[in-house]
Structure formats: C-alpha cells, structure tokens
Amino acid sequence: MSLTAKAWLTQLRQLPLTERFRIMNVCGGHERSITQAGLRGALPTQIELIPGPGCPVCVCPEEDIYQAIELALNEEITLLAFGDMLRVPVNVSKQQPRSLDQAHGAGADIRPIASPIEALKLAKSDPNREFVFFAAGFETTTAPVASLLVEGIPDNLSILLSGRLTWPAVSMLLESDTPGFDALVAPGHVATVMGPEEWQFVVEKHQLPAAVAGFTSESLLAATYSVCRQSLEDRRFLDNCYAELVKPEGNPSARAHLSAALEVVDANWRGIGTIPQSGFSLHADYAQWDARLRYPEYDKADRKRAGEMPAGCDCAQVVLGKKYPNQCKLYGTACVPRNPVGPCMVSDEGACRIWWSGGVRPD
Amino acid sequence: MCLGIPMQIKEIDGFTARCEAKGVEREVSLFMLQHEALATDDFVVVHVGYAIQKVSPQEAQSAWEIYDEMLTKMDPQTDA
Numbered sequence: 009m010s011l012t013a014k015a016w017l018t019q020l021r022q023l024p025l026t027e028r029f030r031i032m033n034v035c036g037g038h039e040r041s042i043t044q045a046g047l048r049g050a051l052p053t054q055i056e057l058i059p060g061p062g063c064p065v066c067v068c069p070e071e072d073i074y075q076a077i078e079l080a081l082n083e084e085i086t087l088l089a090f091g092d093m094l095r096v097p098v099n100v101s102k103q104q105p106r107s108l109d110q111a112h113g114a115g116a117d118i119r120p121i122a123s124p125i126e127a128l129k130l131a132k133s134d135p136n137r138e139f140v141f142f143a144a145g146f147e148t149t150t151a152p153v154a155s156l157l158v159e160g161i162p163d164n165l166s167i168l169l170s171g172r173l174t175w176p177a178v179s180m181l182l183e184s185d186t187p188g189f190d191a192l193v194a195p196g197h198v199a200t201v202m203g204p205e206e207w208q209f210v211v212e213k214h215q216l217p218a219a220v221a222g223f224t225s226e227s228l229l230a231a232t233y234s235v236c237r238q239s240l241e242d243r244r245f246l247d248n249c250y251a252e253l254v255k256p257e258g259n260p261s262a263r264a265h266l267s268a269a270l271e272v273v274d275a276n277w278r279g280i281g282t283i284p285q286s287g288f289s290l291h292a293d294y295a296q297w298d299a300r301l302r303y304p305e306y307d308k309a310d311r312k313r314a315g316e317m318p319a320g321c322d323c324a325q326v327v328l329g330k331k332y333p334n335q336c337k338l339y340g341t342a343c344v345p346r347n348p349v350g351p352c353m354v355s356d357e358g359a360c361r362i363w364w365s366g367g368v369r370p371d
Numbered sequence: 179m180c181l182g183i184p185m186q187i188k189e190i191d192g193f194t195a196r197c198e199a200k201g202v203e204r205e206v207s208l209f210m211l212q213h214e215a216l217a218t219d220d221f222v223v224v225h226v227g228y229a230i231q232k233v234s235p236q237e238a239q240s241a242w243e244i245y246d247e248m249l250t251k252m253d254p255q256t257d258a
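Protein chains in written order, with my numbering: chain A, 9 to 371; chain B, 179 to 258.
Hints in this document: simulated from the structure, not taken from any laboratory. Think of the CB as a built atom: it goes at the ideal place given N, C-alpha and C, for glycine as much as any other residue. Among these hints, one or two may not hold up.
[Unchecked claim] Stretches of chain B that chain A covers, calculated by requiring three or more beta carbons in the stretch to come under 8 Å of a beta carbon on chain A:
#1 182-192
#2 204-210
#3 216-222
#4 232-239
[Stated by the list, open to error] For each label pair, taking beta carbons as the anchor points, the in silico distance ranges come out as:
#5 B:Val-202 / A:Asp-134: 39 to 45 Å
#6 B:Met-248 / A:Arg-346: 47 to 53 Å
#7 B:Arg-196 / A:Arg-243: 43 to 49 Å
#8 A:Gly-115 / B:Asp-219: 46 to 52 Å
#9 A:Ser-133 / B:Gly-192: 18 to 24 Å
#10 B:Asp-219 / A:Leu-301: 42 to 48 Å
#11 A:Gln-22 / B:Glu-203: 44 to 50 Å
#12 A:Gly-188 / B:Gly-201: 24 to 30 Å
#13 A:Pro-24 / B:Arg-196: 48 to 54 Å
#14 A:Val-273 / B:Gln-212: 43 to 49 Å
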C-alpha cells in the first residue's frame with residue numbers, strides 16, 4: 009500500500025461526490041477496523057459505510073444452536089464450539105437453557121475452542137469419549153474444518169457444521185428490489201481462501217463497483233477510494249486492495265480440501281431464510297463424521313423456523329444492512345453485550361457488538 | 179473470527195509448525211499451504227490455527243504495527 013491513511017482521506021475528500029454513496033462491507037473484521045479507527049467520521053459525508061452480512065455467528069440458524077444445546081444436554085458427549093457461539097440465545101421458555109453457556113451451567117460438557125486443531129487433540133486424548141465440534145463460520149473458517157477432515161479425524165469426533173458462503177447473501181441482496189448499497193467492499197480473508205474471482209459477479213452482473221480490502225485503515229480506505237472513483241468515472245471493475253494476501257484463484261490447497269470434504273447446499277440464514285447454494289454440508293465420503301447423521305434424532309424438522317429472531321430484535325435487518333445497529337429499539341437498552349438479546353450483540357463480528365465496543369450509544 | 183495473525187515459523191515438523199508472534203508461540207497447521215515451499219523464519223498469516231497464506235517479512239511487520247494500534251484502542255470497559 010503506497011499511501012498512508014491520511015493521504016487516502018485527502019484523496020477521498022477531493023473526489024467530486026455530489027450524491028450519497030453507500031458502500032457495503034460483508035466482514036465483521038472490516039466493520040471492526042472501520043469502527044475502531046473512526047473512519048465513518050473521517051470520510052466525506054456523502055460516503056456511507058454499511059455493515060452487511062459479515063457475521064457467521066449472527067446468521068447461524070437458531071435450530072442449529074438448539075440442536076447443539078440438546079445434544080450436549082442429553083448425550084454422553086463433549087460439545088466443542090468457537091467461543092463467541094456460546095452466549096447466543098435461542099427461543100425457548102425461560103425454564104430451559106437458552107444458550108450453550110446456560111447448558112454448560114446446567115451440567116452439559118461444553119468447551120470453547122479457538123481452533124479445529126484443539127478439537128482433534130481433545131478427541132485423541134480421550135478416545136472413549138464422543139466429541140462433537142459445532143463449527144459455524146464463513147469460508148475462511150470452514151476451510152480449516154475441511155482440512156481437518158481431509159487430514160483425517162478419529163471416529164470419536166464428529167462435526168455439526170453450520171458453514172456459510174458469503175457471496176450468495178450479497179447476490180440475494182443484489183437480486184432483490186432494494187439492495188440498499190451502491191458499491192461493495194469484499195472480504196479480504198474470504199478472498200484469500202476462495203480467490204477474488206467469486207466477487208466478479210457484482211461488477212459483471214450488477215454493474216456495481218467492487219474492491220477487495222484487507223483490515224488496515226489504509227487498505228479499507230484504498231478500497232473505498234477505488235469504488236468511489238469507479239462510480240465517478242463510470243468504469244467498474246473488481247479491484248484488489250489486499251494483493252499481498254489475495255492471489256488469483258485464492259488458496260489452492262484450501263479450495264481442494266473444501267471440494268473434497270464438503271458440498272455446497274441450500275442453507276438457512278437466521279432471520280433471513282434459505283439462500284440457495286449458500287451453505288456447506290459434509291460430503292457423502294465423510295458422512296461417518298457428520299454429527300447430523302450420527303445423531304439424527306436431534307435434527308428436528310419441526311424446529312426449522314426460518315426467519316426467527318428474538319421478539320423486538322432487529323438483527324436480521326442489521327445483518328442485511330437495512331438498519332444500523334443503533335436503529336434497533338433494543339440496542340443499548342434491553343440488549344447490551346453483558347445481556348444480549350440477539351446474536352449481533354454477542355459475536356465479536358456482530359455489528360451491534362462492534363458498534364457498542366466502539367462507543368456508539370443509542371440515539 | 180476472520181482475523182488473521184501474521185506469525186513467524188520457528189520449526190516445521192511435517193504439516194505442523196511452531197510459530198511465534200510477539201513472544202507468544204503456537205502450534206500451527208500448514209496443511210492448507212501444501213502448495214507453498216515453507217521454511218523456518220518464513221512468515222504466514224494464521225487463522226483459527228491454520229496458516230492461510232505466506233507473507234513477506236515487510237507485510238507481516240506492517241500488519242503487526244496496525245494490530246498494535248488497534249489493540250491499544252480496544253477498551254474492555256466499553257464492552258460491559
């Protein structure tokens with residue numbers, strides 16, 4: 009990156025922007041960098057930065073979390089999950105555990121992990137115990153899960169996979185009548201794994217400016233400048249402002265593991281509904297490690313209540329970039345990180361949590 | 179969860195490496211970088227325990243300068 013953040017801001021302020029220009033990001037890491045650096049306040053007022061579907065924990069279906077809770081409570085297993093999944097509440101009566109954390113308090117063996125490698129080590133260290141790894145994540149996090157399967161896992165470890173692809177959610181928004189944004193900043197680490205090419209549709213099919221960004225202010229401002237300039241010059245292309253990591257075709261080993269171990273399927277997004285070809289499930293060759301097949305009685309069809317967020321919670325609107333976090337009535341009143349109502353206030357990648365941590369308070 | 183941390187490889191044993199950043203050592207899987215020739219002292223970006231890309235020492239250094247800045251701005255009190 010040749011310019012400093014200050015120099016990029018100067019360039020941005022010199023652009024002849026006359027109308028509102030809305031740029032969506034789809035990565036919790038991007039949103040955190042933007043908020044912590046205070047980029048919104050530093051940009052020209054015409055430029056609006058909108059947090060979009062960038063939080064895998066926020067869109068993890070309520071029924072998957074419920075399934076993990078029930079498995080942990082009723083089976084002789086150890087349930088492993090990434091830490092920020094543990095406090096996400098589900099819709100049950102107040103007498104029942106509403107989160108994995110509460111299930112742990114009720115006696116279930118639930119442990120937070122930071123890496124799939126930990127799941128492997130724990131399962132190997134106790135071969136007579138069953139372990140279930142509840143793995144929610146976008147492509148960057150799902151690829152290591154695929155690698156874990158390809159490298160080989162013991163029989164006493166199974167995967168409850170809730171993996172999602174990022175671009176189909178953006179595609180769904182762009183196919184709708186009201187996408188709500190004029191340009192896209194594409195996620196840097198998703199593109200590192202999958203390659204930048206999968207974002208080409210934004211430019212080619214929808215004629216919107218797009219740029220892949222990294223996580224520094226410099227890279228994010230470079231991408232912001234790029235999409236503004238593309239629009240002003242009426243010359244749209246997919247820019248790569250994170251070339252140090254994002255290579256053409258992405259990470260070939262990771263993509264090979266994803267193809268070998270997982271299949272792309274239609275998938276439910278919490279509060280949003282089913283998005284075609286937007287999720288991962290275990291490939292038939294790896295069925296014996298699929299927790300959904302190992303414990304079929306917990307994969308309850310009657311629990312599939314697409315669109316459900318807690319009452320009054322606007323997480324779904326926030327995830328889709330239709331509302332800003334502080335436009336939700338619960339933000340900062342009934343819903344705070346210590347006592348979250350919706351998943352966007354729980355996860356480190358949730359826009360509500362990020363805005364709260366960044367000091368944004370209710371209007 | 180999409181955060182990637184640049185780390186330096188200290189030792190390689192098959193697809194497992196001992197990596198270091200800021201004096202902290204971690205075991206890192208190189209299984210997702212089988213297509214890269216990796217050696218001791220190389221830098222990789224690590225996500226949930228897996229190296230996802232090789233980076234130059236300069237890129238690792240500049241990424242850490244930014245992360246240091248971000249970490250100093252993080253105030254745990256505001257998360258309450």
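Hints and how they fare:
Given as covered by chain A, the segment 182-192 of chain B fails the check, having 1 residues with a CB less than 8 Å from a CB of that chain where 3 are the minimum. Chain A is given as covering the segment 204-210 of chain B, and this holds because 4 residues of the stretch bring a CB closer than 8 Å to a CB of that chain, at least three being needed. By the rule of at least three residues with a Cβ nearer than 8 Å to a Cβ of chain A, the coverage given for the segment 216-222 of chain B is violated, with 0 such residues. Using a Cβ-Cβ cut-off of 8 Å, 3 residues of the segment 232-239 of chain B lie near chain A, which meets the minimum of three, so the contact claim holds.
The beta-carbon spacing between B:Val-202 and A:Asp-134, approximately 27 Å, falls outside the hinted interval of 39 to 45 Å. Here the CB-CB span from B:Met-248 to A:Arg-346 is close to 23 Å, at odds with the stated 47 to 53 Å. A C-beta distance of roughly 47 Å is found between B:Arg-196 and A:Arg-243, which places it inside the suggested range of 43 to 49 Å. Taken as a hint, the range 46 to 52 Å holds for the pair A:Gly-115 and B:Asp-219, whose Cβ atoms sit roughly 48 Å apart.
The supplied range of 18 to 24 Å is met by A:Ser-133 and B:Gly-192, whose beta-carbon atoms lie about 19 Å from each other. Judged by the Cβ atoms, the range 42 to 48 Å given for B:Asp-219 and A:Leu-301 holds: they are separated by roughly 44 Å. Checking the proposed 44 to 50 Å range against A:Gln-22 and B:Glu-203 shows it holds: the Cβ atoms sit about 46 Å from each other. Look at A:Gly-188 against B:Gly-201: about 45 Å separates their beta carbons, and that is not inside 24 to 30 Å.
For the pair A:Pro-24 and B:Arg-196, the beta carbons lie near 53 Å from each other, so the given range of 48 to 54 Å is met. At about 26 Å, the beta-carbon gap between A:Val-273 and B:Gln-212 misses the expected band of 43 to 49 Å.
Hints 1, 3, 5, 6, 12 and 14 from the earlier list are contradicted by this structure; the remaining hints agree with it.
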